[in-house]
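*Asks:* Top line first, the protein sequences correspond to chains E and P. Under numbering that gives the first Met the number 0, the first residue of the first sequence is numbered 0, with each subsequent residue one higher. Under numbering that gives the first Met the number 0, the first residue of the second sequence is numbered 0, with each subsequent residue one higher.
Please note: incorrect hints may appear among the correct ones.
Think about it this way: if two alpha-carbon atoms lie no more than 20 Å apart in a straight line, the pair counts; the simulated EDC-like pairs of lysine to aspartate or glutamate are [to be verified]:
{"hint": "1", "chain 1": "E", "residue 1": "46", "chain 2": "P", "residue 2": "255"}
{"hint": "2", "chain 1": "E", "residue 1": "70", "chain 2": "P", "residue 2": "260"}
{"hint": "3", "chain 1": "P", "residue 1": "70", "chain 2": "E", "residue 2": "44"}
{"hint": "4", "chain 1": "P", "residue 1": "46", "chain 2": "E", "residue 2": "260"}
Covered by chain P, according to a simulated footprint, are these stretches of chain E (three or more residues, beta-carbon under 8 Å) [claimed, not checked]:
{"hint": "5", "stretch": "14 to 25"}
{"hint": "6", "stretch": "48 to 61"}
{"hint": "7", "stretch": "80 to 91"}
{"hint": "8", "stretch": "99 to 111"}
{"hint": "9", "stretch": "254 to 267"}
{"hint": "10", "stretch": "340 to 351"}
{"hint": "11", "stretch": "376 to 386"}
It is worth saying that the hints were derived from the structure and are not from the lab. Backbone N, C-alpha and C fix where the C-beta goes; we use that ideal spot for every residue, glycine too.
There are 2 protein chains.
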Amino acid sequence: MRESIKDKVAIIGMGCTRFGERWDASAGDMIVEAASEAFEDAGVEPKDIQAAWGGTLWTGLTGMTVGHALKLQFIPITRVENACCSGTEALRNAAYAVASGVYDLVLAVGYEKIKDLGSPGVPMAQGSGTPTQVFPQASAPGLFAMLATRYFARYGLSREEGKSMLAKISVKSHDNGFSNPKAHLRRKVTVEQVLAAPIIAWPLGLFDCCGTSDGAAAAILTRADMARSFKDDPVYVKALQVAVGFGAGDMRTDYDYTHVEEAYRAGQAAYAEAGVTNPRQQISMAEVHDCFSITEAIVMEDLAFSPRGRVKEDIDAGAFLITGDLPVQPDGGLKCFGHPVGATGVRMIYECYLQLRGKAGERQIKNPKLGLTHNQGGQPPSAAVAVSIVGRDTG
Amino acid sequence: MRESIKDKVAIIGMGCTRFGERWDASAGDMIVEAASEAFEDAGVEPKDIQAAWGGTLWTGLTGMTVGHALKLQFIPITRVENACCSGTEALRNAAYAVASGVYDLVLAVGYEKIKDLGSPGVPMAQGSGTPTQVFPQASAPGLFAMLATRYFARYGLSREEGKSMLAKISVKSHDNGFSNPKAHLRRKVTVEQVLAAPIIAWPLGLFDCCGTSDGAAAAILTRADMARSFKDDPVYVKALQVAVGFGAGDMRTDYDYTHVEEAYRAGQAAYAEAGVTNPRQQISMAEVHDCFSITEAIVMEDLAFSPRGRVKEDIDAGAFLITGDLPVQPDGGLKCFGHPVGATGVRMIYECYLQLRGKAGERQIKNPKLGLTHNQGGQPPSAAVAVSIVGRDTG
Chain E
0 MRESIKDKVA IIGMGCTRFG ERWDASAGDM IVEAASEAFE DAGVEPKDIQ
50 AAWGGTLWTG LTGMTVGHAL KLQFIPITRV ENACCSGTEA LRNAAYAVAS
100 GVYDLVLAVG YEKIKDLGSP GVPMAQGSGT PTQVFPQASA PGLFAMLATR
150 YFARYGLSRE EGKSMLAKIS VKSHDNGFSN PKAHLRRKVT VEQVLAAPII
200 AWPLGLFDCC GTSDGAAAAI LTRADMARSF KDDPVYVKAL QVAVGFGAGD
250 MRTDYDYTHV EEAYRAGQAA YAEAGVTNPR QQISMAEVHD CFSITEAIVM
300 EDLAFSPRGR VKEDIDAGAF LITGDLPVQP DGGLKCFGHP VGATGVRMIY
350 ECYLQLRGKA GERQIKNPKL GLTHNQGGQP PSAAVAVSIV GRDTG
Chain P
0 MRESIKDKVA IIGMGCTRFG ERWDASAGDM IVEAASEAFE DAGVEPKDIQ
50 AAWGGTLWTG LTGMTVGHAL KLQFIPITRV ENACCSGTEA LRNAAYAVAS
100 GVYDLVLAVG YEKIKDLGSP GVPMAQGSGT PTQVFPQASA PGLFAMLATR
150 YFARYGLSRE EGKSMLAKIS VKSHDNGFSN PKAHLRRKVT VEQVLAAPII
200 AWPLGLFDCC GTSDGAAAAI LTRADMARSF KDDPVYVKAL QVAVGFGAGD
250 MRTDYDYTHV EEAYRAGQAA YAEAGVTNPR QQISMAEVHD CFSITEAIVM
300 EDLAFSPRGR VKEDIDAGAF LITGDLPVQP DGGLKCFGHP VGATGVRMIY
350 ECYLQLRGKA GERQIKNPKL GLTHNQGGQP PSAAVAVSIV GRDTG
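Put together the whole structure using the sequences plus the hints.
*Replies:* Take a look at the structure:
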């Protein structure tokens with residue numbers, strides 16, 4: 000009886016701000032910047048929007064933040080929060096509302112004004128509601144580093160081999176992001192520079208960690224059957240899946256610190272929803288949650304792009320370079336584009352939207368058909384993972 | 000092209016904790032308490048749930064709070080936040096997901112563990128994202144009191160007449176809540192006691208202010224066409240509307256402090272969605288957001304239950320008593336049942352669900368057909384308002 004979201008909803012306009020240290024802009028300013036690009040792209044006006052969803056982790060309570068910024072008066076505006084999946088969740092809930100038939104023109108916007116918050120790397124002051132969570136006082140780099148050390152040990156990578164594999168991931172993302180005018184950290188780095196950088200939590204050094212950024216990204220959604228009345232080349236939602244889990248010391252004594260089960264499950268569910276049977280061949284590009292370089296490595300395996308324990312072979316072969324058979328982070332990823340938490344999921348879909356429509360400029364991939372995005376919220380051994388698939392044609 | 004949510008989604012199980020100073024329970028404990036009642040009521044198990052939505056303002060980030068409590072592993076769980084509308088928003092987004100066809104058995108749970116937070120009456124430390132908001136340092140009682148003083152002035156009520164009108168609202172809610180075993184403040188009060196209580200912000204005294212409570216409430220939703228396979232007497236969603244606005248000093252120089260435009264708009268939209276043409280006659284009962292007694296008075300007019308400026312006549316006539324023609328707050332309302340922010344919207348629908356199915360015990364209303372709920376988030380002159388209508392039959 001259950002139906003797929005596939006080809007029920009289309010994206011007809013998107014926008015994204017420059018990410019970075021946006022001391023020049025409030026959250027509202029960035030929402031306006033991203034949404035204005037999306038409105039213009041879709042050829043609609045704010046007054047046409049029937050309902051909106053805003054995704055943010057830390058930046059203000061209630062839907063009023065979005066409403067105030069865009070002067071959307073008296074429509075439904077809902078805040079959605081699911082850690083680093085918040086932006087994709089805003090789009091997912093907007094998509095269900097459109098697919099339900101209740102609305103036919105809605106806005107999803109992700110945003111975060113994070114540089115004002117102090118030191119986001121330290122543990123959050125706000126309670127997680129899960130008092131038995133393992134390592135509540137550990138930092139994100141420390142927790143993700145355990146994925147790396149355990150992965151190296153299990154698959155027999157020496158320290159040097161492991162560090163080198165991770166370095167190539169960051170070098171690739173910096174290469175891609177260098178030509179992206181909206182990216183936060185626009186510089187190329189070498190493997191030697193990455194290896195020589197200060198260690199944050201071994202084996203993760205400074206260049207294994209993503210940027211901490213301000214930014215916003217927006218999408219305008221309509222019913223698939225109405226999309227071409229707005230735009231000749233809409234992008235269609237093929238899958239929107241989320242898997243929320245929690246791990247070791249609590250329910251899952253099997254937590255192995257070499258994969259993220261939530262990513263595997265959300266990925267498999269997304270492939271089923273989109274009708275993808277061979278991800279490595281059918282997915283044209285991917286934007287994944289490289290909060291740390293090791294996360295990207297493991298995600299390639301969780302999403303069935305590389306066999307378990309063998310992502311290093313694909314990295315060494317250049318498979319995920321923009322010239323490879325499966326370009327990953329063509330816009331620079333969290334690593335280089337930056338990571339304004341609530342904005343990130345929508346930013347990833349924005350890159351797919353540009354690429355699928357041949358509008359990605361210098362970093363354009365040849366003839367992409369399906370784009371995948373992946374967000375991971377939470378920290379090992381707990382995660383909320385969102386996977387979306389979008390494509391340029393129906394069917 | 001747009002369709003109503005009416006009769007697409009049914010509620011087949013609900014639960015609600017005792018509200019109050021729940022030093023005995025964590026947020027997770029209360030989620031389990033509410034959801035367990037809902038699971039048992041629906042005859043389903045946690046493993047049957049395909050996706051979940053959690054509504055909370057302050058209690059923990061991410062959907063992991065709900066997942067951890069209920070041991071829902073690897074399904075989508077999304078946190079929704081829209082101030083005091085958070086619970087209803089969780090149910091609204093869950094309903095759209097069901098109506099989209101993607102899921103056919105989902106959970107919506109609202110919860111708040113608020114007594115641990117210190118003094119929720121004082122202004123929030125977290126930024127609202129709206130830097131130009133009027134009176135950012137004013138407290139909730141102070142801001143809502145301005146509705147009362149302005150209303151009295153505009154409609155020619157003396158101080159004594161106004162205070163007496165408000166007192167009767169609180170007396171009615173305490174009368175109703177007295178017999179509710181789950182209510183926070185189970186005591187009857189007299190008009191004289193209300194009038195003699197300490198003033199918090201004139202004319203609002205202690206008994207004009209709602210409780211500050213811990214609690215949780217849960218609902219299980221399915222497709223309307225599947226509902227009777229779970230339950231002989233499901234309750235159907237007839238309307239789910241939200242209006243978010245912001246007021247004086249910013250966009251709306253017309254803000255008059257004698258009504259809440261968002262409540263009027265959400266109410267009218269809900270009536271249109273549900274096909275209600277004469278609210279006073281067709282709505283059998285209402286649970287409205289009586290954060291303060293004046294809010295309830297004004298909401299009666301905004302929802303077109305009483306003519307503008309004339310709610311006092313209906314109050315004096317006993318129209319909103321449990322024995323009146325339109326019982327309001329039959330369970331005691333925020334005033335007496337309490338106000339765990341994220342739980343409140345779902346608690347209101349829980350009362351409609353009990354009443355519509357003839358299961359409200361001592362406080363049962365005779366033969367109700369349609370129940371209305373109303374939440375108001377934010378503070379004058381800004382508001383996010385949710386209005387839902389539920390009914391016991393389709394058509």
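*Asks:* Please name the hints from earlier in the document that this structure breaks, with their numbers sorted from lowest to highest.
*Replies:* 1, 3, 5, 10
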